[in-house]
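Residue numbers (the working numbering), protein chains in the order written: chain Z, 1 to 289; chain G, 290 to 572.
Just so you know, these hints were derived from the structure itself, not from any lab.
Hints should not be assumed to be uniformly reliable.
Said to hold, decoys possible - Pulled from the structure, derived: some chain Z residues nowhere near chain G, Cβ distances all over 12 Å:
| id | residue |
| --- | --- |
| 1 | Q54 |
| 2 | Y58 |
| 3 | V59 |
| 4 | R69 |
| 5 | A71 |
| 6 | I72 |
| 7 | V116 |
| 8 | L221 |
| 9 | I269 |
| 10 | Y281 |
What the hints assert, rightly or not - Covered stretches of chain Z (in silico footprint by chain G; criterion: 3 or more residues with CB under 8 Å from a CB of chain G, positions within the stretch not fixed):
| id | region |
| --- | --- |
| 11 | 43-50 |
| 12 | 74-82 |
| 13 | 85-98 |
| 14 | 154-160 |
Backbone N, C-alpha and C fix where the C-beta goes; we use that ideal spot for every residue, glycine too.
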Amino acid sequence: MSITLPVTDAPSPPLSARLAPSQVWGLLLLAPYFLVFLAFVVYPVGYGLWLARQPASYVALFHDPIFARAAINTLIFLLIGINLKMLIALFLSGFFAEQRTWIKWLSVLFILPWAVPSIPTILSVRFMLNPEWGMVNQLIFKFTGEDGPNWLNDPAVALTMAIGVHIWKSLPFWTLILITGRLAISHDLFEAADVDGASWWQKFRYITWPSMQTLYITCTLLSMIWTLGDFNSVYLLTGGGPADLTHVLSTLGIRYLRLDQLSLAMASIVCAMPLVLPLVYFMMKRLSR
Amino acid sequence: MKLPTLREAGNEARLILIGIPVFIWTMIPIYHMFVFAISPKEDAFSGKLWPDHPTLHNFEIVFRQQHYFLRDFWVQFGNSVIIAGAVGALTLLIATAAAFSISRLRVPGGRMVMNFALFTYFIPAAFLAVPMYRTMGIYGLLNNHWALILAMVTIASPYAIWVLKQASDKLPVELDEAAIMDGATTLQIFRLVYVPLMMPSLVAIGTYAVLLAWNEYLYAFLLLSNDREITLPVALGNFLAADDSPWELLMTTGFIYALPPAAVYYAFRRYMVGGLTAGAVKS
Numbered sequence: 001m002s003i004t005l006p007v008t009d010a011p012s013p014p015l016s017a018r019l020a021p022s023q024v025w026g027l028l029l030l031a032p033y034f035l036v037f038l039a040f041v042v043y044p045v046g047y048g049l050w051l052a053r054q055p056a057s058y059v060a061l062f063h064d065p066i067f068a069r070a071a072i073n074t075l076i077f078l079l080i081g082i083n084l085k086m087l088i089a090l091f092l093s094g095f096f097a098e099q100r101t102w103i104k105w106l107s108v109l110f111i112l113p114w115a116v117p118s119i120p121t122i123l124s125v126r127f128m129l130n131p132e133w134g135m136v137n138q139l140i141f142k143f144t145g146e147d148g149p150n151w152l153n154d155p156a157v158a159l160t161m162a163i164g165v166h167i168w169k170s171l172p173f174w175t176l177i178l179i180t181g182r183l184a185i186s187h188d189l190f191e192a193a194d195v196d197g198a199s200w201w202q203k204f205r206y207i208t209w210p211s212m213q214t215l216y217i218t219c220t221l222l223s224m225i226w227t228l229g230d231f232n233s234v235y236l237l238t239g240g241g242p243a244d245l246t247h248v249l250s251t252l253g254i255r256y257l258r259l260d261q262l263s264l265a266m267a268s269i270v271c272a273m274p275l276v277l278p279l280v281y282f283m284m285k286r287l288s289r
Numbered sequence: 290m291k292l293p294t295l296r297e298a299g300n301e302a303r304l305i306l307i308g309i310p311v312f313i314w315t316m317i318p319i320y321h322m323f324v325f326a327i328s329p330k331e332d333a334f335s336g337k338l339w340p341d342h343p344t345l346h347n348f349e350i351v352f353r354q355q356h357y358f359l360r361d362f363w364v365q366f367g368n369s370v371i372i373a374g375a376v377g378a379l380t381l382l383i384a385t386a387a388a389f390s391i392s393r394l395r396v397p398g399g400r401m402v403m404n405f406a407l408f409t410y411f412i413p414a415a416f417l418a419v420p421m422y423r424t425m426g427i428y429g430l431l432n433n434h435w436a437l438i439l440a441m442v443t444i445a446s447p448y449a450i451w452v453l454k455q456a457s458d459k460l461p462v463e464l465d466e467a468a469i470m471d472g473a474t475t476l477q478i479f480r481l482v483y484v485p486l487m488m489p490s491l492v493a494i495g496t497y498a499v500l501l502a503w504n505e506y507l508y509a510f511l512l513l514s515n516d517r518e519i520t521l522p523v524a525l526g527n528f529l530a531a532d533d534s535p536w537e538l539l540m541t542t543g544f545i546y547a548l549p550p551a552a553v554y555y556a557f558r559r560y561m562v563g564g565l566t567a568g569a570v571k572s
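Looking at chain Z on its own, in the form it has when it is part of the complex:
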C-alpha cells in the first residue's frame, strides 16, 4: 500500500475559513466536555503521577506490610469474588429467562440491591453481623444456646463478608445484562435441539455458551475494573479492620490520603496500574469499534 501525501503549495487559509459553520458549532459543543476532561482528569492524573515520581515512596510502600496484604486481598477479591459472581449471574440469567409470572415479579424485587444506595444496606449488614446485638448471632444463640462467632473480627471471614456484600450489590446488574444476551439467542436453535433430544447440558454447551461467551468475558473484565474501584463494600463493612488486614487497594489509597501521606497514596495507585491498564486497553479496543 502506498501513501501519497496531498501536495499543498498554497498557504493554508485561516482556521475559521477552512471549517464549515457546522464544524465550528461542533467544536463549540465539544468544548465543555473537553474542558471538564482537562481540568478534572488530565490535571489531577498528571499531578498525581508527579507526586508519585520519587522511588523513595515505592520503597516505603513495599516495606509497609499493609500494602502487601491489600494487594493480596485485591487479587482474592478480583479472582475469586468476580468469577464467583459472574458464574452465579450466568446461572441466574437462565433462571430469570424462564417465562413465568412469579419469576417476573421476583425479577422486579431482585433488582432492589442495585437500585437502592449501598450505604444503608451495607451498614444494615454490618449491624446484622454485630457479635453482641446483631440479628445473626442472636438467632444462633436462640437455636443453639452458644455464642456466635465474632464475624468481622477475623480477617478471612471479614473479607469473605465484604465479597459477599459486593456480590449482593452488583449481582442484579450483571444478571440483567446476561439475560439480555440470553434472550437474543434465536429460540429456533433450542427447539431444533429439543427435537434432536439434546440434554440440558448439551444445549448449554453447544448453543447458549458459544453465543454468550464474548459477552460473558467482556462483563467479567469490566466487572474486574469496576471492582478495583469498589471502596464502599470494604470500607463501610470492615473499615479495613481488624488491624488493617482487610484493606483492598482502593481503601488503602484513601487510608494513606487520610493520614496525609499523599505520595504513598499515589504510589499505591500507580502500583495497581499494571493490573488496570491491560484491562482498560482491552475494553477500549472492544468498545470503540
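Assemble the complex: chain Z is given as a structure, and chain G must be docked to it using the hints.
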C-alpha cells in the same frame, strides 16, 4: 384444567428451589433495615424477626431532627437533592452537546475525545479520588458543593457521552440532510430534530447521572466535611464515629435515603433497561 406431567412438576419444583433462596438472599439486608426502622429502641437490639410493637416513632424523630446526629437532617437532605439535580442537568447538557458534535457533526478530533472519555470511564473511581481531592484543594473548592458536582459530572459524563453517541449513530443521516435542505441551522437541527428523537436515551442518562450523584459516598465524604454542607450518605457514615450510635435511627434515615432512588429507578425502569443495559456492554 390439565394436570401437569411429572416432568413438568419436577421442572417447576426446581425453579421454586432456586427462586426461594434468591428471594431470601435479596431481601435480608433490606428487610433488616426496614425492621430496624419500625422498631422501638428496646426491640431493635433484641434480634427479633418482627418487633413486638411496630411504630413509626423513629421516622418522627428523624423528620423533627430530635437527635444529636440528626440535627441537620433536612439541610443534608436538601444538599443531596441540589447536588443530584445539578449533576443530572450538567451531565445531560455536556454529554448531549458532545455526543451531537461527535456523532452528527463528525467534528475533527471527535473520535479522539470519545476515546479520552472511554478511558476516563474505565479509571476506577476510587483511584481518581486521591488526585481529585488534591486538585479540588488547589482550585479552592473543598467544602463547596461545586467540588462534588464537578467531580460527579466528570465521572458521569464519559458513560453518558458513550451511550448517547451509540444511540445517535443509529438515527438516519437523511434526517439531518433533509433539515439542511429546508434551511435549518446547526442549532435548529440540534433543538428540533436531534433532542426530540433522543428523548428516551436522554431520560435514561439523566436518571443515571442523578442516581449516581445521589448514591455517591466516597467523593462526598472526601470533598465535603462541614456538617451543613455534607450530603445524606456522609451523614450516615458519620453515625459510625460514635460507639453508642442510635442504630435504629441510622437505619430509619438510611431507609428514607434509599426510597427516592428506588422510586426513581422503578419509575424509569422502562427507559433504564432499554437505554442503559443495551449500551453497557456491546458484545
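Evaluated hints:
1. With 12 Å as the threshold on Cβ separation, the claim that Z/Q54 sits away from chain G holds: the shortest Cβ distance comes to roughly 16 Å.
2. Annotated as non-interface, Z/Y58 keeps its C-beta farther than 12 Å from every C-beta of chain G; the closest such distance is 16 Å.
3. Annotated as non-interface, Z/V59 keeps its C-beta farther than 12 Å from every C-beta of chain G; the closest such distance is 20 Å.
4. The claim that Z/R69 lies off the interface holds: its Cβ sits roughly 17 Å from the closest Cβ of chain G, which is beyond the 12 Å cut-off.
5. Listed as a non-interface residue, Z/A71 keeps its Cβ farther than 12 Å from every Cβ of chain G; the least gap is roughly 14 Å.
6. The beta carbon of Z/I72 sits about 18 Å from the closest Cβ of chain G, which is more than 12 Å, so the claim that it is off the interface holds.
7. A cut-off of 12 Å between C-beta atoms contradicts the statement that Z/V116 is not in contact with chain G; the least separation is 4 Å.
8. Listed as a non-interface residue, Z/L221 fails to keep its Cβ farther than 12 Å from every Cβ of chain G; the least gap is roughly 10 Å.
9. The claim that Z/I269 lies off the interface is violated: its Cβ sits roughly 5 Å from the closest Cβ of chain G, which falls inside the 12 Å cut-off.
10. Not every CB of chain G lies more than 12 Å from the CB of Z/Y281, the least distance being 9 Å, so the non-interface label is violated.
11. Only when three residues or more bring their CB closer than 8 Å to a CB of chain G does the claim for the region 43-50 of chain Z stand; here the count is 5, and the claim holds.
12. With a threshold of 8 Å between beta carbons, the proposed coverage of the region 74-82 of chain Z by chain G is violated, since 0 of its residues qualify and at least three are required.
13. With 3 residues bearing a CB less than 8 Å from a CB of chain G, the region 85-98 of chain Z meets the requirement of three and the coverage assertion stands.
14. With 0 residues having a Cβ less than 8 Å from any Cβ of chain G, the region 154-160 of chain Z misses the three-residue criterion, and the hint is violated.
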